[in-house]
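So the mapping is simple: the numbering used here equals the position in the sequence shown, first residue as 1, plus 362.
A hint or two may mislead.
Computed spacing ranges between beta-carbons, pair by pair [claimed, not checked]:
{"no.": "1", "residue 1": "G442", "residue 2": "E523", "range": "23 to 33 Å"}
{"no.": "2", "residue 1": "T486", "residue 2": "Q725", "range": "51 to 61 Å"}
{"no.": "3", "residue 1": "D491", "residue 2": "G707", "range": "40 to 50 Å"}
{"no.": "4", "residue 1": "K487", "residue 2": "T710", "range": "33 to 43 Å"}
{"no.": "5", "residue 1": "D505", "residue 2": "N458", "range": "33 to 43 Å"}
Derived lysine-lysine pairs resembling DSSO-like cross-links, with alpha carbons at most 30 Å apart [said to hold, decoys possible]:
{"no.": "6", "residue 1": "K654", "residue 2": "K632"}
{"no.": "7", "residue 1": "K577", "residue 2": "K471"}
{"no.": "8", "residue 1": "K632", "residue 2": "K670"}
{"no.": "9", "residue 1": "K632", "residue 2": "K622"}
{"no.": "10", "residue 1": "K632", "residue 2": "K715"}
{"no.": "11", "residue 1": "K471", "residue 2": "K412"}
{"no.": "12", "residue 1": "K616", "residue 2": "K632"}
{"no.": "13", "residue 1": "K583", "residue 2": "K616"}
{"no.": "14", "residue 1": "K654", "residue 2": "K616"}
{"no.": "15", "residue 1": "K588", "residue 2": "K622"}
{"no.": "16", "residue 1": "K426", "residue 2": "K412"}
{"no.": "17", "residue 1": "K726", "residue 2": "K616"}
{"no.": "18", "residue 1": "K471", "residue 2": "K426"}
{"no.": "19", "residue 1": "K590", "residue 2": "K549"}
{"no.": "20", "residue 1": "K616", "residue 2": "K577"}
{"no.": "21", "residue 1": "K632", "residue 2": "K583"}
{"no.": "22", "residue 1": "K726", "residue 2": "K715"}
{"no.": "23", "residue 1": "K549", "residue 2": "K670"}
{"no.": "24", "residue 1": "K583", "residue 2": "K622"}
{"no.": "25", "residue 1": "K577", "residue 2": "K549"}
{"no.": "26", "residue 1": "K412", "residue 2": "K487"}
{"no.": "27", "residue 1": "K549", "residue 2": "K632"}
{"no.": "28", "residue 1": "K549", "residue 2": "K654"}
It is worth saying that the hints were derived from the structure and are not from the lab. In this text, a Cβ means the ideal position worked out from N, Cα and C, and glycines have one as well.
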Amino acid sequence: MKKSGRWSKKCSAHLSMKKKRRLAKFLAGLLVLILVGLASTYVLYTNLSKPAAGESDAVLFEIKSGDVLRNVAANLQDQGIVRSAIVVEITARLENLSGLKAGLFVLDKSWSVTEILMTLNDSTKTIVDTVRITFIEGDWARDFARKLSNLTSVEEQDLLELWNDEVFLREMIEQYEFLSTDILNPKTRIRLEGYLFPNTYEFFVSTNARDATIKLLNQTKRIYEKYKTQFEASELSVHEVFILASIVQFEASKPDDMKKVASVFLNRLKIDMPLQSSVTVCYSLYEYDSWKDCETNSGFESPYNTYKYRGLPVGPIMNPGEAAIIAVLEPADTDYYYFMADVYGDGTVYFAKTYAEHSANVQKYLKGR
Numbered sequence: 363m364k365k366s367g368r369w370s371k372k373c374s375a376h377l378s379m380k381k382k383r384r385l386a387k388f389l390a391g392l393l394v395l396i397l398v399g400l401a402s403t404y405v406l407y408t409n410l411s412k413p414a415a416g417e418s419d420a421v422l423f424e425i426k427s428g429d430v431l432r433n434v435a436a437n438l439q440d441q442g443i444v445r446s447a448i449v450v451e452i453t454a455r456l457e458n459l460s461g462l463k464a465g466l467f468v469l470d471k472s473w474s475v476t477e478i479l480m481t482l483n484d485s486t487k488t489i490v491d492t493v494r495i496t497f498i499e500g501d502w503a504r505d506f507a508r509k510l511s512n513l514t515s516v517e518e519q520d521l522l523e524l525w526n527d528e529v530f531l532r533e534m535i536e537q538y539e540f541l542s543t544d545i546l547n548p549k550t551r552i553r554l555e556g557y558l559f560p561n562t563y564e565f566f567v568s569t570n571a572r573d574a575t576i577k578l579l580n581q582t583k584r585i586y587e588k589y590k591t592q593f594e595a596s597e598l599s600v601h602e603v604f605i606l607a608s609i610v611q612f613e614a615s616k617p618d619d620m621k622k623v624a625s626v627f628l629n630r631l632k633i634d635m636p637l638q639s640s641v642t643v644c645y646s647l648y649e650y651d652s653w654k655d656c657e658t659n660s661g662f663e664s665p666y667n668t669y670k671y672r673g674l675p676v677g678p679i680m681n682p683g684e685a686a687i688i689a690v691l692e693p694a695d696t697d698y699y700y701f702m703a704d705v706y707g708d709g710t711v712y713f714a715k716t717y718a719e720h721s722a723n724v725q726k727y728l729k730g731r
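Use the sequences and the hints to build the structure in full.
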């Protein structure tokens, strides 16, 4: 009997240990699941808290009287200004930013959720009649149209159609000395491309396509009149200056480089040498993921492609700034016929007089990487 009792105690102790081990395993597994869940939630929250866009993209956003946080958060998500309405609600409560003001605001999709909420909590940030819009050097006409559409009552498509409307353009040609019938070439994609001067403007929110366009052209007129003597002295027509300036704008970023790049293209034009500018391929493609797409599609059929056709393209490929225009009007005096940018390094532009020198630069700064 004593032996049986001892055996019973041993069995009981053994079963107790097994239960403890099972419980320990269960608790360990539960802890792992909780930690994984918390980590996943944190990663998800972090990702959803990131700005909706990587680059600046300003838009109008309205909070109506009586709108509550949940409605505002949902509207922000629906309009693509934030990634998640839930994150907006959580952030607003955690950071005490629930005091939303009614009104019309300018928000930017590249802002953080906190920045957006801080703006919506500030009644001094509401718009009454006008809005400031910045167009940067190198913006395409469609970028101008999109920005105007985002921040005013003008529709993007209405602008693009107006900028190709022959009746309207002939009227503008009569009003602006820098415009000519050259812009009416039916092969051009957007006829006012290149003539929409990049700058910061103030527009009425209620503006229309015509008024907005005239404001842009008036600024181009001021630049033209500022350098009218140089325009008249140039061997190029005004239209050709804007075309080449748009290529120079796309190819270089520093004023000194722009003047040298302009000299390369002018030297090539003088001897009827193809410009072979990959940025004209970019505009030919119109949709591309990286500069490599432009380099590898030199055979793409387009009247803008300077690999396919000699001379200047049929029209500007973007809207150049003042520095690019000056570079074409007052280019550097060089014997260069080639150039390349160290895209894998600091962006330095290397110029060459011969193809052999150019090939050596490519091998050293591009293929050697």
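Do the hints match the structure? See the list:
| no. | hint | verdict |
| --- | --- | --- |
| 1 | G442 to E523: 23 to 33 Å | holds, 24 Å |
| 2 | T486 to Q725: 51 to 61 Å | holds, 57 Å |
| 3 | D491 to G707: 40 to 50 Å | holds, 48 Å |
| 4 | K487 to T710: 33 to 43 Å | holds, 41 Å |
| 5 | D505 to N458: 33 to 43 Å | holds, 37 Å |
| 6 | K654 to K632 | holds, 29 Å |
| 7 | K577 to K471 | holds, 26 Å |
| 8 | K632 to K670 | holds, 18 Å |
| 9 | K632 to K622 | holds, 15 Å |
| 10 | K632 to K715 | holds, 15 Å |
| 11 | K471 to K412 | holds, 10 Å |
| 12 | K616 to K632 | holds, 24 Å |
| 13 | K583 to K616 | holds, 24 Å |
| 14 | K654 to K616 | holds, 22 Å |
| 15 | K588 to K622 | holds, 22 Å |
| 16 | K426 to K412 | holds, 26 Å |
| 17 | K726 to K616 | holds, 22 Å |
| 18 | K471 to K426 | holds, 20 Å |
| 19 | K590 to K549 | holds, 28 Å |
| 20 | K616 to K577 | holds, 27 Å |
| 21 | K632 to K583 | holds, 29 Å |
| 22 | K726 to K715 | holds, 16 Å |
| 23 | K549 to K670 | holds, 15 Å |
| 24 | K583 to K622 | holds, 26 Å |
| 25 | K577 to K549 | holds, 26 Å |
| 26 | K412 to K487 | holds, 23 Å |
| 27 | K549 to K632 | holds, 24 Å |
| 28 | K549 to K654 | holds, 25 Å |
This entry satisfies every hint, going by the numbered hints stated previously.
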